[in-house]
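Visitor: Listed below, chain by chain, are the residues.
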Amino acid sequence: MNCDAIIEDLQAFLDDELQSNRRSEIELHLKVCVECSQMIGDLGNLSSLLKSCDVPTPNLPTGREILAKAGFKSNKENSLGFFHSIYTFLFKYKAPAIAIISAIAIFGVYINLSGTNPYSSAPSVSSQYKTQETTASNDFTKSASETPKEAIAANTDTVSNKDSQTNSTPSQTQTIPLAKTQGTSGNAGELALVEGGVEGDIEGGIIGGKSNFVSPEPPASQPPPPSDIVLPKKSAADADGKIQGKDELERAESSARAITLEKNTLAKKEAPKLEESKPNSSLAAAEELVADKAKNDRSDTYKDAPKNEMSKTKPDSSGGKGKDLDEGFSKQGETSPKESKIVAKPNTSTSSKPGFSPQAGAPVAGMAQVPVSAPAREAEEKKAFIRSVLIVIEAKELAQAKEQINEIVKGNIGSSTSSEKEQSISFTLKVPYGKIESTLSQLRKLGKVTKEKSNEDDAEKQVEDSRKTEARDSNKKSDDQDQSEAKRRQNTAGFAIINVVLQKASK
Amino acid sequence: MSKSDEELMQHFQTGNEASFVTLYERYKLAIYRFLYRKLGHQARAEDLTQEVFVALVEHRKDWRQEASFKTYLYRIAHNRAISEMRRSEHKVMIEADNEANTEKVAKVATSTISPAASVEQQQLQVKVQQALTLLEKDYREPIILREYEDLSYEDISLILGIPVGTVKSRIFRGKVELKRLLEPMLTTASDQVRKPPNVGSPPGMPGNIRA
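These protein sequence lines map, in sequence, to chains U and F. If you're matching positions, the first sequence starts at 1 in my numbering and goes up one per residue. If you're matching positions, the second sequence starts at 1 in my numbering and goes up one per residue.
Zero decoy hints are in this set.
Only pairs whose alpha carbons sit at most 20 Å apart, straight line, appear in this in silico SDA-like list of lysine to any residue:
1) U:Lys69 - F:Ala18
2) F:Lys28 - U:Thr57
3) U:Lys69 - F:His59
4) U:Lys51 - F:Leu135
5) F:Lys28 - U:Ala68
6) F:Lys61 - U:Gly63
7) U:Lys396 - U:Lys445
8) U:Lys69 - F:Lys28
9) U:Lys69 - F:Val21
10) F:Lys179 - U:Ile6
11) U:Lys51 - F:Gln122
12) F:Lys179 - U:Phe13
13) U:Lys51 - F:Asp150
14) U:Lys51 - F:Glu149
15) F:Lys127 - F:Arg33
16) F:Lys28 - U:Pro61
Now the in silico label distances, taken between C-beta atoms and shown as ranges:
17) F:Gln65 - U:Ala5: 30 to 40 Å
18) F:Glu7 - U:Lys69: 23 to 33 Å
19) U:Val34 - F:Val119: 28 to 38 Å
20) F:Arg180 - U:Lys31: 25 to 35 Å
21) U:Asn59 - F:His59: 16 to 26 Å
22) U:Arg22 - F:Arg180: 25 to 35 Å
23) U:Pro96 - F:Pro163: 53 to 63 Å
24) U:Ala97 - F:His59: 30 to 40 Å
25) F:Glu183 - U:Asn21: 25 to 35 Å
26) F:Thr166 - U:Ser20: 15 to 25 Å
Here chain F is said to cover these stretches of chain U; the calculated rule only asks that three of the stretch's residues, wherever they fall, bring their Cβ under 8 Å from a Cβ of chain F:
27) 37-47
28) 59-65
The hints are simulated quantities; they were obtained by calculation from the structure and are not laboratory data. Backbone N, C-alpha and C define an ideal beta-carbon position, used for all residues, glycine too.
Go ahead and model the full structure; you've got the sequences and the hints to work with.
Guide: So this is what it looks like as structure tokens:
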């Protein structure tokens with residue numbers, strides 16, 4: 001073995017980095033090779049020399065200082081890191097931190113508030129609608145004491161919501177905002193300013209220019225007024241209404257404008273056929289305005305305005321079926337009967353005033369003839385009478401019953417809306433008036449009927465009550481009222497409302 | 001019973017401060033010496049030593065126990081030194097301050113050497129340091145790691161990223177070069193090391209070699 005083959009391994013031999021066999025070879029070689037032996041000696045001395053050389057003593061920080069410099073956080077610090085970081089952020093950036101925290105708090109409150117009423121089905125409905133709904137359901141609540149209030153409220157809510165959407169339901173719980181009034185000054189504020197989607201425009205100051213109720217010369221293409229509005233026949237008797245007071249007349253005048261607007265909107269929304277919807281005379285329009293306005297004036301807000309549309313019965317209900325879905329509101333119609341008869345006055349104005357045709361001189365006279373004592377009632381009477389029924393059924397399977405109800409509605413050419421709860425489902429069915437009985441009979445077969453109530457029964461009772469309260473009035477007035485009531489009942493709306501509450505039958 | 005470097009590092013990875021402090025105390029001088037001999041400048045070596053351990057803290061999660069902790073630490077130091085040498089004109093500074101560094105080394109060495117041998121030892125240490133700094137980087141680094149840090153060839157290969165055979169050859173050639181540079185002193189040093197006066201073995205003989 002020559003030296004060149006092992007010389008580079010000499011250092012490794014010194015460092016003991018060679019394998020055993022290689023080490024043995026080198027040892028043997030070193031015994032016979034002087035130069036390699038000398039080299040190993042030199043390498044050893046050099047290593048010793050190198051190691052004897054020290055370095056200057058350094059000035060180094062401690063381990064903790066190194067950790068701090070590196071931003072090291074121990075486990076304990078990490079557990080509080082979140083709060084520590086929050087504190088640091090707030091302390092360092094006060095203003096932005098406060099703003100951020102405030103924004104988060106406000107957002108959280110907003111979410112909280114928006115999520116408080118998950119069952120609110122009509123977020124756009126104003127509070128007055130809800131009030132009307134509550135009142136409207138009074139009858140059903142009273143008569144159906146066993147019915148869950150929630151179901152009724154939901155049912156009514158559904159009805160009202162539907163009303164608010166269509167502006168054509170019997171409940172008429174919503175008031176119709178006045179889109180614009182031309183020629184009306186100051187009275188605009190008296191008109192409804194609520195949600196409800198006013199579509200009607202008041203043109204030329206004629207409220208209801210597009211409505212069959214008001215305009216003495218409705219356009220031919222104009223749709224018939226909503227079915228929920230009772231349109232009594234305009235008779236000479238109506239035209240002979242008397243104005244009982246100037247103040248009342250003024251109030252009725254403003255009410256008339258509101259009422260006309262409401263009707264105008266209703267007319268656009270829905271135009272079911274009405275048996276008697278012939279607002280040919282401004283007198284009739286005026287009477288309706290008076291009646292509607294009277295209802296509006298019953299309450300400070302326009303909560304009751306829709307009720308006017310329903311036109312609860314007058315005190316006398318001879319022969320008629322004064323029915324309204326929201327019977328609860330009807331009582332208010334008795335409070336200011338005089339107001340409804342003041343509509344006549346607006347007729348004296350020009351065409352700029354809403355609700356009156358400029359061409360109709362008759363309205364002036366006719367309106368003046370409207371009796372002031374029961375303007376609201378008359379307005380109600382003239383509206384279409386809408387029969388409504390509340391029926392509470394206990395069914396074993398709610399889902400199955402729901403399907404059956406949908407089939408029934410379809411079969412009777414109706415429509416329905418529903419709201420579901422955990423143990424009950426509320427439906428609001430709208431069926432043609434002629435189909436109400438068949439629908440009810442089909443519904444009764446779905447399960448056990450625990451409650452059934454119709455507004456016809458209450459209407460009759462109310463008529464009697466109103467008759468008693470007005471017993472002191474003149475006989476003629478009573479007769480007129482009776483006739484009006486009868487006419488109203490005869491002027492049934494083209495559809496009926498059936499509130500169905502499906503309850504899960506208890507085992 | 002002291003924990004191994006790997007155990008301490010694992011504890012440190014979980015957030016144990018004390019483990020890092022222990023590791024730091026174990027290796028801070030070694031890293032410093034390594035960097036000092038690599039750079040030839042005390043201040044730079046001190047700063048770089050701190051940077052090495054700061055980097056160890058910041059990248060403690062990167063150690064995956066594939067290599068020993070010592071190797072991992074020296075690897076960081078080696079990379080930092082290379083970056084430092086590239087960033088500053090280290091060679092120029094070394095040449096320019098060679099005399100100043102020599103004096104500094106001499107002064108420091110004086111404090112650790114007995115007054116009797118201080119002059120010769122001082123001169124010797126200065127010469128050695130100069131020889132190291134004059135050595136090529138490729139030769140200097142493995143020699144420093146082997147002679148001063150007692151790292152195995154395998155660890156050196158991992159630290160420097162070169163094969164074991166390359167480490168062996170570079171160490172040998174580097175030492176041959178150092179031997180040439182320090183030839184006059186080798187004879188003197190060997191004489192001083194070998195002194196007991198009764199020993200008359202010629203220098204360079206295997207019997208005189210101290211491993």
